[in-house]
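One-letter residues, chain by chain:
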Amino acid sequence: MAATGQSPSSRDACDGLHQALEGFDAARAGEELHSLVRELYPICRSITGEGLRRSLRILSRVAPLEVREVPSGTTVFDWVVPPEWTLRAARLVGPGGEVVCDAARSSLEVLNYSAPFRGRVSRRDLEAHLHSIPEQPSLVPYRTSYYRPDWGFCLPHERRTALAEGEYEVLVDSSLADGSMSYGELVVPGAEAGEVVVSAHCCHPSLANDNCSGMAISAALARLLSGLEPRYTYRFLFVPGTIGTIAWLALHEEEARRIEHGLVLACLGDPGRMNYKRTRRGDAEIDRVVSHVLAASGQDYRVRDFTPYGYDERQYGSPGFNLAVGALTRTPHGEYAEYHTSADDPSFVKPDRLADSLRRCLEILLVLEGNRVYLNLLPKCEPQLGKRGLYGSVGGSSHAAARQMAMLWLLNLADGNHSLLDVAERSRVPFGDLREAARALEAAGLLRVAGREEARP
Amino acid sequence: MAATGQSPSSRDACDGLHQALEGFDAARAGEELHSLVRELYPICRSITGEGLRRSLRILSRVAPLEVREVPSGTTVFDWVVPPEWTLRAARLVGPGGEVVCDAARSSLEVLNYSAPFRGRVSRRDLEAHLHSIPEQPSLVPYRTSYYRPDWGFCLPHERRTALAEGEYEVLVDSSLADGSMSYGELVVPGAEAGEVVVSAHCCHPSLANDNCSGMAISAALARLLSGLEPRYTYRFLFVPGTIGTIAWLALHEEEARRIEHGLVLACLGDPGRMNYKRTRRGDAEIDRVVSHVLAASGQDYRVRDFTPYGYDERQYGSPGFNLAVGALTRTPHGEYAEYHTSADDPSFVKPDRLADSLRRCLEILLVLEGNRVYLNLLPKCEPQLGKRGLYGSVGGSSHAAARQMAMLWLLNLADGNHSLLDVAERSRVPFGDLREAARALEAAGLLRVAGREEARP
Amino acid sequence: MAATGQSPSSRDACDGLHQALEGFDAARAGEELHSLVRELYPICRSITGEGLRRSLRILSRVAPLEVREVPSGTTVFDWVVPPEWTLRAARLVGPGGEVVCDAARSSLEVLNYSAPFRGRVSRRDLEAHLHSIPEQPSLVPYRTSYYRPDWGFCLPHERRTALAEGEYEVLVDSSLADGSMSYGELVVPGAEAGEVVVSAHCCHPSLANDNCSGMAISAALARLLSGLEPRYTYRFLFVPGTIGTIAWLALHEEEARRIEHGLVLACLGDPGRMNYKRTRRGDAEIDRVVSHVLAASGQDYRVRDFTPYGYDERQYGSPGFNLAVGALTRTPHGEYAEYHTSADDPSFVKPDRLADSLRRCLEILLVLEGNRVYLNLLPKCEPQLGKRGLYGSVGGSSHAAARQMAMLWLLNLADGNHSLLDVAERSRVPFGDLREAARALEAAGLLRVAGREEARP
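Protein chains in written order, with our numbering: chain B, 730 to 1186; chain C, 730 to 1186; chain A, 730 to 1186.
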């Protein structure tokens, strides 16, 4: 991941993110991310098991995350961590000896979490164990049965309807046994106690956009951040959806209370526009930060309100936590035809879209890190910028005029009630220009960062 | 009133209202309401007197209201209850012996509250005592003179302009004497102390939409509610406009302070769309409830802001009370050509419109009664609905999906800050579906109604 | 200024302003204002010096303002009052003896605040001392060099490019020496301690719209107000832009804290529509007052948000003061082609536009003065207007109906939470009608003005 992981010369996170964006090599980043997606894609992941563990180990090559385990049977709020699923083989062979389904061919072809079964089954009895999509007859669907023991196969509907009468040979060489649920975690300590959580689910088998893209981009961000000294403490979680997040929240309530901002990352490689789903609070700082970045991107995008359905923002946003965690995707779950089917393969994920998504994430973190509240140290009337060399020269260039307006806005609103983002939104001065103006004014002794108690934005 | 008055099998008001709506027989309800309008129509009502008393007795056949009396001369805030008006006959006979006006023909033909007079009057002197509408020359107007003793007759302008010269014989056999002002009242006690007032004016003589329709619908609601055990205490008032409401408020200030929600009902049988006039507060719960019901009706409707002119919402909404009482009508006062004329007769009022108005009122009361604030009893992360049989089965129907979304929304927002209506508005899940979901979740032990102190919606 | 300065018969400011508006003679007011603009125009004003002092003396003929002096070298916040500039002559003569620039011809032709210089300069060395506008080749620009000692001349670009080679004779007979900065001030004491500041800059040399128009209108207002007994204390400031306002604020912090509302007046004679720039607070009473008046004017207008660039609202609106001072102009600074050039001469300023601007200012002050909070003294239900002769007669005129609605609205909202402007905005009843209704209701003992502690609008 050299394109996005070069150690920046400064370890200040704003500077580092700024440099990463200035030097961003979209072609290279896209290729690296796509290569990671391709590597992760074939693995038969689930909410527990070796496939998940292997995937986390691949990610740990990119960023120094640790793989943690929660034992089967652990009670986590209203849930219990299930037995660990081990799949050795799963094959369905027809009356004529033809292989109808084979998990070795595609991890989607077995019902995820299938209990062990071996035997011969009539065409008729087989029916209850087959899953297909009549409306998309050529695609294999993704189906699971985590909490109701069952076995099954997923196949194209057109293949299913053509299955001959007769006896079928079923082999599901799996086990559901005591073990553990794995997840990956990387904490980058920050100057402040407040945390930012970045959460990606990694429990889906061969689905490239829905899970591999989020894992890859989250790992790239983790790698970059781990080389910096950020303001916030960053916690990257690579977790089984639902049960994994519930387990983490249940076992780390105290840490969870420190989360001030968060993003769930998923579906970040498809050709669609960027989509942001607001936190349950709806007006959290992260909501405003992401909206600002997407609006400034110049590309089409959409921001939607929170709903209690989707990815793990559901858990972070449950009423007992109500954490400010939004969800960033390109096309949201369920809104692209390839969703949860064999068509969500690496060809559906585009390198340039992965790179574009990563870029937006970097911009989001830059604004989040840089969104300080400032205090004007000479708040009565304007300070005389001219005598400090901060005033545009006579007939100054339009750049100088813009720089001067950035300074005037900042001085005017640096009263402890406005964050840099507030100033950007009110003034329509780009955030980056304000950041630059803040530095100049700080250097001139006209401005300082407000302490927590002084800031009331 | 069998169609709307059948004792529901459950006395729980929400269930009762729900059943009344499920079994609503619009044709029958419309016919019953219209028949009541026709019976009330011919009576010569005023703000006091036998006509008003007789009308209240007719209503007391429908619902068990009591007729109360306030003595003439009682001071009520800035007003004094006037002497009671008794009209025995009022007739204007022309020079040729022709009957020009006769209160026996229509109660509109005498100036309401006419003082007694008997004598012969020249065509010229008569002029000051005649009332007509030049712009609607064929209609008899409705005119009153409550606080300035006078006598007069109302007639079509075309008849007035054709009146011959000569002497006219005037007979106004009336009296203005000590007596009382009547009003009807029915209180349905509720589980909570908070009150809902439903107020209809019944002081107009032969005006079918403007007064009889409101009286009839209010009585039908009173009848249904009196068979239930509602959450709120309901107070139905059948009162002379202005002075009746002022008297009730002046003599029952303590009770008035318990009013949490209220509706003035009038003009509910004309062919126009539903119209709701917000309370003075503008954002009261009843405002949101009515707006929600009208929006969900699928019919055209209009919601307007409060103005200090109209029906008795003026008094409930005076600054010293500022009660949350809105006004529900179809076409508002003064906006239909028939308003306050002889054309506002039973043919102007449509049975199907009366039934439609009653239906909306039932829906409004259902939402008001059911608009609870709930608490999620497992608020940290989502509870596992599957193990409780609350999760849609695999490949569930769209109904199951909708039911599940209703449960997820409710669990997510059941934090004490959201009423069921808040949830409905935020989620766009129909109120009824949320009510059903709330029952299922309550039954599963996942939800309970918040106490008054716990609720901060 | 007889047209706008006739002593009104009543000294009550609302009555006085009302009378001034009723008897407003636009033609006469326009001619008087324009005549004052023409008298002020030629003077070579700057932020200090005799030109400024002479201008203030002219204004003191219109309104009884006093001229005050702040010594050079006085520290005012981050600034220091500069040495006083005296210009006796400034002339640039070409190689052939032709006069290229001469401050006696137009005060714009010398770089404002030019330091003394006398000598012969080559065409080439002259270049750094010439100022012109290539895009407007026939106009003389306005340029200053207050804080960087320099000398220079301003001339049309077409003249500059035609200047022959050779030696030029430069005479800048000026001095920069200890002295003082002048400003004009008039305080009209009010019944309340709260102040209204009206601030006009008067430091520009021959610029008719940008400075003379604001000076003239501010003086006309000052004259009218000084004949009245207003509610607020009015402080009229005629000040050098930036440094003058900074000096006043620095030397009068206590008085500044009493400012409750304020207007910066400038650019009020050009043909453009009225433009109001909101205070930094954005929702101050003055913002609502001006918006209301402009909306009611029936003319095109524009209201914009505060920006920290422009006239002295920058200083009043610095975060250490955050005073509710907006800026009223016609076309704002920099948005007309004539801005800061020789084309901003008296022919650019139109008498009828000056009169129109003055009219708006009078309306603004009338609404501001009259924007009381009232208390209904019979707040429970409506008072009986009829018995007090306040109710429209039977079949009353539409004027009577409007008057009655004004009274009903006022009674309904006279709860201490609504100013007259709140009532006007909510009811859409014209402010003047509400003022009239308030008088009638006060006279009838139904209403009184709320004290400061009772008012929570």
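Heads up, some of the hints might be wrong.
Some chain C residues near chain A, calculated using beta-carbon distances under 7 Å [to be verified]:
hint, residue
1, Ile975
2, Tyr1038
3, Gly1039
4, Gln1044
Cβ-Cβ distance ranges computed for the label pairs, FRET-style [said to hold, decoys possible]:
hint, chain 1, residue 1, chain 2, residue 2, range
5, A, Glu984, B, Lys1116, 23 to 31 Å
6, B, Glu760, C, Val1178, 27 to 35 Å
7, B, Arg986, C, Arg986, 41 to 49 Å
8, B, Asp907, C, Ala1131, 32 to 40 Å
9, C, Asp741, B, Gly1063, 35 to 43 Å
10, B, Asp1012, C, Gly1180, 55 to 63 Å
11, B, Asp1151, C, Arg986, 55 to 63 Å
Treat the hints as calculated values from the structure; they're not laboratory data. The C-beta atom is built at its ideal place from N, Cα and C for all residues, glycine as well.
How the hints compare with the structure:
1. Ile975: Hint on C:Ile975: holds, closest Cβ of chain A at ~4 Å, below 7 Å.
2. Tyr1038: OK, holds: C:Tyr1038 within 7 Å of chain A, min 6 Å.
3. Gly1039: Hint on C:Gly1039: violated, closest Cβ of chain A at ~10 Å, above 7 Å.
4. Gln1044: Check passed: Cβ of C:Gln1044 comes within 5 Å of chain A, closer than 7 Å.
5. A:Glu984 / B:Lys1116: 23 to 31 Å: holds (27 Å)
6. B:Glu760 / C:Val1178: 27 to 35 Å: violated (57 Å)
7. B:Arg986 / C:Arg986: 41 to 49 Å: Hint holds: Cβ distance 42 Å, inside 41 to 49 Å.
8. B:Asp907 / C:Ala1131: 32 to 40 Å: holds (38 Å)
9. C:Asp741 / B:Gly1063: 35 to 43 Å: holds (38 Å)
10. B:Asp1012 / C:Gly1180: 55 to 63 Å: violated (28 Å)
11. B:Asp1151 / C:Arg986: 55 to 63 Å: At roughly 43 Å between Cβ atoms, C:Arg986 and B:Asp1151 fall outside 55 to 63 Å, so the hint is violated.
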